[in-house]
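Asker: Below, each chain spelled out in residue letters.
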Amino acid sequence: MLSWSAALAGVLVLALMSVGTAGWAAPQPELKIALTTDAGSMDPYQDNSVVGLAIQGLIFEPLMDYRGPNFTATPLVATGWQALNTTTWRFFIRQGIKFQDGTPLTADDVQFSIELAKNSPSARGKVANITGVTVVSPYVVDIHTAGPAASLLSNLAYIFIVPKANYQKRGAAAFGLEPVGSGPYRLEQWQKGQQIVLAAFDGYWGGAQSPARLTIRPISEDSTRFAELLTGSVDVIQDVPVEDVAQLQQRRDFAIVQSKGVRQIYFPMNTKTDTPLRLRAVRQAINFAIDRDTIVKDILNGFAQVRTGPWGPGQLGYNADAARFYGYNPDKAKALLKQSGYPNGFSVTWDLCHGCWLKDTEVLQTIANELKAVGIRVNINLIETNQLFTNQDAGHFQIGMERWSRQYDTDTILAGISVQSGTQPYYANPDVDALLAKGRQTLDPAARGKVYQQLFQVLVEDAPFVYTHAQDAIWAKRTSVPWVFTPFVGNAGMTLLNK
Amino acid sequence: MIIYILRRLLQVVPTLAGVMVVVFLLIRVSGDPTQLLLPPNATPADRALFRKQHGLDQPLAVQFVRYVDSLAHGDLGRSLVDQRPAADVVFERLPATVELAVSGMAIAVVVGIPAGIASAVWRGSALDRLAMASALVGQSMATFWVGILLMLVFAVQLRWLPVSGRGGVRHLMLPAVTLSLYIMPVLARMTRSSMLEVWEQDFIRTARAKGLRERAVIVRHSLRAALIPVATVLGLQFGGALAGAIVTESVFSWGGVGTLVLDAIYKRDYPVVQAVVLVIAVMFMLVNLLVDVGYVVLDPRIRQT
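For the protein sequence lines, the chains are A and B, in the order given. If you read the first sequence in the working numbering, its first letter stands for residue 265, the second for the next number, and so on. If you read the second sequence in the working numbering, its first letter stands for residue 625, the second for the next number, and so on.
Take these hints with a grain of salt, some might be off.
What the hints assert, rightly or not - Here are the computed distance ranges between Cβ atoms for each label pair:
| id | chain 1 | residue 1 | chain 2 | residue 2 | range |
| --- | --- | --- | --- | --- | --- |
| 1 | B | R783 | A | Q455 | 21 to 29 Å |
| 2 | B | V646 | A | Q455 | 52 to 60 Å |
| 3 | A | S611 | B | W769 | 15 to 23 Å |
| 4 | B | F768 | A | I647 | 15 to 23 Å |
| 5 | B | L650 | A | Q455 | 26 to 34 Å |
| 6 | B | L650 | A | T395 | 39 to 47 Å |
| 7 | B | V646 | A | A472 | 41 to 49 Å |
| 8 | B | L684 | A | G591 | 45 to 53 Å |
| 9 | B | L773 | A | I644 | 52 to 60 Å |
| 10 | B | D712 | A | A472 | 31 to 39 Å |
| 11 | B | L684 | A | R542 | 28 to 36 Å |
Unchecked claim - Here are the simulated SDA-like pairs of lysine to any residue, each with C-alpha atoms no more than 25 Å apart in a straight line:
| id | chain 1 | residue 1 | chain 2 | residue 2 |
| --- | --- | --- | --- | --- |
| 12 | A | K623 | B | G679 |
| 13 | A | K382 | B | Q682 |
| 14 | A | K456 | B | Q707 |
| 15 | A | K382 | B | A669 |
| 16 | B | K676 | A | N383 |
| 17 | A | K636 | A | K702 |
| 18 | A | K702 | A | A410 |
| 19 | A | K433 | B | I870 |
| 20 | B | K676 | A | G435 |
| 21 | A | K433 | B | Q707 |
| 22 | B | K676 | A | E379 |
| 23 | A | K623 | B | I870 |
| 24 | A | K428 | B | L673 |
| 25 | A | K623 | B | I889 |
| 26 | A | K456 | B | T767 |
| 27 | A | K456 | B | V722 |
| 28 | A | K428 | B | Q707 |
If you're looking for bench data, these hints aren't it; they were derived computationally from the structure. In this text the structure is predicted, and so the values were computed from the model without any measurement. The beta carbon of each residue, even a glycine, is placed where N, CA and C say it ideally should be.
Please construct the entire structure, taking both the sequences and the accompanying hints into account.
Answerer: Printed below as a string of structure tokens:
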């Protein structure tokens with residue numbers, strides 16, 4: 265499962281790199297980082313986990329990415345691009361890029377990488393709108409799309425360029441164990457379950473990177489990761505338990521690094537069952553009955569942001585007016601229930617997988633108590649993560665769970681929360697489908713923003729989800745490490761060099 | 625003896641076959657690998673492609689036949705995560721788990737059995753009460769909690785040992801002691817009760833009546849007989865050691881098969897889960913075979929039955 269905060273590994277690591285040699289007080293040969301999990305494979309078309317992507321993003325590069333504090337579209341493997349027409353984009357490949365096996369990166373490798381993505385169940389969603397790639401010359405490719413594709417660039421930021429000859433010769437399994445990319449770091453050593461050591465690639469087109477070596481240790485247990493930081497065995501850790509934040513804040517040798525609202529939790533309601541959830545007014549009532557401020561301040565100790573819609577401020581299409589639709593209003597909730605024919609409330613089963621998100625059990629118990637006050641009796645059904653999603657995909661649930669990060673592109677958020685009919689069996693709204701399609705084909709950013717604002721409003725008022733909050737990312741570092749955390753946008757941990 | 629061992633080895637085959645069938649079915653009905661191996665924005669078509677690429681779109685019976693066929697050729701399948709042979713994925717992590725389990729067992733044996741003997745010898749004394757109380761406390765404590773406690777004291781506060789990770793002997797100490805605390809109480813209590821039971825036997829009475837020193841009675845006569853049930857427990861505890869290693873490996877980021885199988889189950893990486901279970905089952909059966917052979921060494925009369 266995509267672990268949102270694992271993607272921040274890329275932000276962390278690459279933002280660190282962005283400080284460069286100028287930021288280090290003294291030459292720093294090595295940086296040690298503790299993440300929550302190990303990568304599955306270094307092949308970007310086998311492993312789509314966020315940790316995998318974050319580390320792959322140091323070994324490989326895409327055509328372009330979003331960099332800097334304002335996440336500006338930045339050329340990487342491509343030096344530039346232009347739209348030849350509404351369905352063809354031309355990319356100019358940077359000359360002189362070498363892969364880590366010494367071979368030059370050319371247009372053939374770009375074409376091959378996109379073809380790999382199209383055949384990869386985990387990556388093909390990002391290239392679904394690409395119908396073909398034409399190699400015009402060794403350093404020019406044309407990418408053809410099925411109609412105007414507004415999200416093309418943001419999707420291409422996830423498509424890493426791999427060496428065609430090397431990959432075909434060795435195969436996916438071998439390549440995933442010993443990858444060859446054109447990025448700033450090469451894989452020096454990988455002891456599965458123990459550590460990944462990356463060394464700066466001397467032949468990187470962008471120049472040598474600092475630190476010269478990155479040691480990434482997968483440490484799943486929160487207490488262990490925390491202990492490693494306290495003893496100085498690692499320099500940076502991902503996901504500090506909220507209970508331990510105060511301890512670190514009292515110490516001068518450590519610093520908390522927080523990024524607000526990066527991971528939103530959604531609770532889809534099954535509108536296709538013969539339960540009160542089929543009624544919009546009932547779904548709205550549930551949203552009105554929840555005190556989000558209590559959840560954010562008291563349960564999550566302030567390490568979350570209130571959410572009353574499908575995404576938060578700063579994301580294209582955020583609708584501030586629509587976001588004010590839901591406030592904590594138990595009286596209105598009761599009125600809506602009465603109006604719907606449920607003056608005495610009803611019972612509902614709410615699926616929960618323990619450990620799936622921050623303080624999940626406490627948050628859901630709080631919600632259950634608040635809903636009880638308006639007459640809705642929540643039966644919390646604690647089940648295993650995979651089973652929860654399997655049930656949800658089959659429509660065998662009443663209220664479930666999704667978790668998704670902020671993304672470069674709003675369309676990626678919408679795809680991740682499966683609001684389009686046909687992608688799941690529990691919700692369908694033709695207005696949502698129409699606006700989704702329109703958003704994908706509207707190339708002008710301002711016009712696209714208006715489409716998504718409209719969609720935001722529909723999703724608020726139709727309430728296919730219970731909206732509550734978005735978790736912050738809480739990392740920690742030793743203060744001697746010169747590193748500035750930049751706001752995380754999405755799962756593109758690989759492209760978070762903020763130079 | 626050779627025939628005995630061969631006969632026991634042959635018994636392993638139907639047991640393994642049963643294990644194979646059970647784990648094959650259980651893991652497949654437990655969930656869908658596409659849920660966590662593909663991103664949330666994967667479409668039904670993406671999931672269908674994944675299943676097709678990995679043969680998971682075939683009927684269960686077809687999948688099972690293919691599995692058995694590949695096993696017959698020594699192929700444990702390929703990981704759904706990285707396409708590598710599941711055998712490679714398991715065997716690269718196995719040494720870490722064996723190292724931890726053997727070390728934990730060794731500490732448990734070296735401390736637990738003498739503690740049990742001492743408790744039996746000084747039965748009713750303060751030492752006996754202390755040892756048995758410690759065993760009870762040790763058996764009641766969760767491995768997870770013990771591991772973190774030891775880590776906080778010896779690694780974080782005292783800085784005597786590393787926090788986590790696999791390396792040399794210093795890295796091994798905390799996880800091995802944690803694991804041994806799971807096994808040691810059982811061995812101590814079993815040894816004590818077994819010794820006390822043996823001392824009720826006529827041959828021990830005879831040994832004492834002959835004027836043998838108590839030390840000789842204990843070491844030369846009692847211990848050998850008392851160790852037979854202890855050997856049984858040791859064999860069973862090896863399975864416990866492997867199970868306990870899962871938690872210990874997680875706490876100490878040990879990187880063995882325990883953490884591998886947790887991750888594989890979570891992601892429903894069917895071939896890796898099947899491979900792990902198969903390998904552990906074989907190891908468990910071989911260890912118990914060694915225990916059975918040990919019986920014969922401890923009590924030659926068993927060979928004649």
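Asker: Can you tell me whether the CB distance of R783/B to Q455/A sits inside 21 to 29 Å?
Answerer: holds (24 Å)
Asker: Regarding the pair K433/A and I870/B, is the alpha-carbon distance no greater than 25 Å?
Answerer: violated (37 Å)
Asker: Keeping to a limit of 25 Å between CA atoms, is the pair of K428/A and L673/B held or broken?
Answerer: holds (22 Å)
Asker: Note whether the CB distance of V646/B and Q455/A lies within 52 to 60 Å or breaks it.
Answerer: violated (32 Å)
Asker: Does the alpha-carbon distance linking K676/B and E379/A stay inside the 25 Å limit?
Answerer: Within the cut-off at roughly 18 Å; holds.
Asker: Please work out if K676/B and N383/A have their alpha carbons no farther apart than 25 Å.
Answerer: holds (12 Å)
Asker: When you take the CB atoms of L773/B and I644/A, is the distance between them in 52 to 60 Å?
Answerer: Given a distance of about 31 Å, which is not inside 52 to 60 Å, the answer is violated.
Asker: If I claimed the Cβ atoms of S611/A and W769/B lie 15 to 23 Å apart, would that claim hold in this structure?
Answerer: violated (37 Å)
Asker: Starting from the hint 26 to 34 Å, judge whether the C-beta atoms of L650/B and Q455/A obey it.
Answerer: holds (30 Å)
Asker: Does V722/B lie within 25 Å of K456/A when you go C-alpha to C-alpha?
Answerer: Satisfied, since the Cα-Cα distance of roughly 16 Å is no more than 25 Å.
Asker: Does the alpha-carbon distance linking K623/A and I889/B stay inside the 25 Å limit?
Answerer: At roughly 23 Å apart (the allowed maximum being 25 Å), I889/B and K623/A satisfy the hint.
Asker: For the pair supplied as a hint, K623/A and I870/B, is the alpha-carbon distance within the 25 Å limit?
Answerer: holds (24 Å)
Violation of the numbered hints given earlier is confined to hints 2, 3, 7, 9, 12, 17 and 19; the remaining hints are satisfied by the structure.
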